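**Q** Kindly produce the complete structure, drawing on both the sequences and the hints.
2 protein chains.
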Amino acid sequence: MTPDRTPDIGLIEAAARRLRGVARRTPLLDDPLLDRIAGRRILVKAECLQRTGSFKFRGAWSAVSALVAEGRPRGILAMSSGNHAQGVALAALRHGLPCVIVMPADAPEAKIGNTRALDAEVVLYDRLREDRDAIGAALAADRGLAIVRPFDDAEVIAGQGTTGLEIAEDAAAAGIHEAPVLVCCGGGGLASGIALALAARAPGLRVQTCEPEGFDDTARSLAAGVRVGNAPGARTLCDAIVTPRPGEMTFPILARLAGPGIAMPDAACLDAMALAWRHLRIVLEPGGAVALAAALFRPDLAPGAAVVAVATGGNVDPPIFAQAMARLEDPGFFPVNPA
Amino acid sequence: MTPDRTPDIGLIEAAARRLRGVARRTPLLDDPLLDRIAGRRILVKAECLQRTGSFKFRGAWSAVSALVAEGRPRGILAMSSGNHAQGVALAALRHGLPCVIVMPADAPEAKIGNTRALDAEVVLYDRLREDRDAIGAALAADRGLAIVRPFDDAEVIAGQGTTGLEIAEDAAAAGIHEAPVLVCCGGGGLASGIALALAARAPGLRVQTCEPEGFDDTARSLAAGVRVGNAPGARTLCDAIVTPRPGEMTFPILARLAGPGIAMPDAACLDAMALAWRHLRIVLEPGGAVALAAALFRPDLAPGAAVVAVATGGNVDPPIFAQAMARLEDPGFFPVNPA
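Residue numbers (the numbering used here), protein chains in the order written: chain A, 1 to 339; chain B, 1 to 339.
Treat each hint with caution, since some may be false.
Here are some, though not all, of the chain A residues that point toward chain B, as calculated from beta-carbon distances under 10 Å [claimed, not checked]: (1) Pro27; (2) Asp30; (3) Gly96; (4) Ala107; (5) Ala110; (6) Ala274; (7) Leu284; (8) Met325.
In case anyone wonders, no lab produced these hints; they're calculated from the structure.
Predicted model, so just to flag it, every value in this text is computed and none were measured.
The beta-carbon is built from N, C-alpha and C at its ideal position, and this holds for glycine as well.
**A** Written out as structure tokens, the structure reads:
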């Protein structure tokens, strides 16, 4: 874990300096035909185009580079089966540091393969019988590795917050000064980082978290004013943002700065993936499309003449993507010229 | 047609000034896993992310804005069933000008619908019995509309050439000063514009045109030193770049500045679309993937430790895209960790 700090605009701007020329400055996309379908202006921050295919690289680079600045760690360790794993693996690789990723043995082949291709050592564990945190902590202690957590880390939040600096700049250039900014939310690292950046740089833009139905712990926690968890047993296609409860460090930031949370059904995420394919020519994963789904289909919950949606990632298995493409076969699928 | 001018770096830079804040500055994407598959560094200029989903908007805006600067035309006319149609329609719409697009009656519903959704009047004709050029010329004369041609127009070439200015800048920032720049080629408007821009701004980067097999008129013309046409009867999935012969204005530029042309089979374009989906998270149409296919699979024809490929467009019908996605079902499809 990176040194004890409080995430704020200063830390975000410092992270932005370290990320310059390393992370990609992703475009804020829009399309007149998508606007016509939505009945309002939609701007999409395309973090699926970020290195390793999700915003996670920002936080990973921020944390690893902060650790290196404090004194060279012997290596990096992360526990993740998904986007955080790849972000951390690439950040470590580019810093010339060994990297260990602790992943469940039943993670998709492609994710294990991609993580290994980034030269990380993948340690597999049995999700049903073994304790991931214990395995990670023991390995880290044994080999002197620094752990990069997925969201409850000030430098990770600061790195994700650089997305907000870019949104503030590009929305202003597009003439948008008041709008909801919808952010796909798991543990809340991205949403809280963006909320901090916008509060400082574009106070008319306000974050609202978007989660899959059944995993709307953040929405319910924001409504209750305290952290509450998800009931067990729910299922969703949005594997990237399934977390048991809001983060300890991220939740107070969201409670202070974010508007009401929104929960969306999987079917709406598939529709949003299909529309992003057709009108923006980008590839989204279900968990990366929740915010766009809310922007398109729930203007009642996120009102405004314009809305910004953060498309957080595009790492998806072909069969899931095919489910989204199948929506396009319906000749009545969101016509651009409604009769 | 825009006033009589010669396309050169001055015209390209003037077009770039008119396009600033209007066209999108598309990213130059890369991915370490894609590099690993290719065995060299590949940078992809993602013009599928351009407004209307292809580079065509650049040339259209350049031409329409030049016409407006000369004196307000009563309206704009273009003849096209594809990407040029949508680019011109949006450029006219944003200039507040009426727009007529002459399209074959058997063009895909989606393309007709999208063009109408951009407020263009679509005039359909019978491709087998009617003469498109005669219909367009009569309409233009009758209504006082200015025709924007797809490639043999100096301001169109200048607009497409702005892609080359961005490649020169972003390749330099990535430390690449010598490389082939592979460009999908129909009439040669984009390839000639980029060639002019690179000759002036990045002389170590050299354009090579990429065409579908059976439609390699530019490659054969470059080899022969004179413009030769395609034999009739060939078929390809690359509908966007099927032209009978190189342009009158574009060919001399390519003959002077471009390296040898490359022809690729449709199957390689589908593979490139699938790899762009998996590693870059962008949507390409077959004709927009020819250059990436050549970069990936024909290093012998475009040698270099690094290569730039221009991904020209992403307007594709779902069934064609499904053909590319089907490649991913083969478990041996370009593994990132070859055994």
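**Q** Hint by hint, note whether the structure agrees.
**A** Each hint, compared with the structure:
Interface hint at Pro27/A: satisfied, since its Cβ lies 6 Å from the closest Cβ of chain B, which is below the 10 Å cut-off. With a least beta-carbon distance of about 9 Å to chain B, the hint placing Asp30/A at the interface is held under the 10 Å criterion. With 10 Å as the threshold, the beta carbon of Gly96/A stays out of range of chain B, its nearest partner Cβ sitting at about 14 Å, so the hint is violated. Interface hint status for Ala107/A: violated, as the beta-carbon distance to the closest one in chain B is roughly 15 Å, over 10 Å.
The interface hint given for Ala110/A holds, since its Cβ lies 9 Å from the closest Cβ of chain B, which is under the 10 Å cut-off. Hint status for Ala274/A relative to chain B: holds, with the closest Cβ pair at about 9 Å, below 10 Å. The beta carbon of Leu284/A is positioned within 10 Å of a beta carbon in chain B (closest approach about 8 Å), and the interface hint is therefore held. A distance limit of 10 Å between C-beta atoms decides the matter here; for Met325/A the minimum to chain B is near 6 Å, and the interface restraint holds.
Comparing the model with each numbered hint stated earlier shows that hints 3, 4 do not hold.
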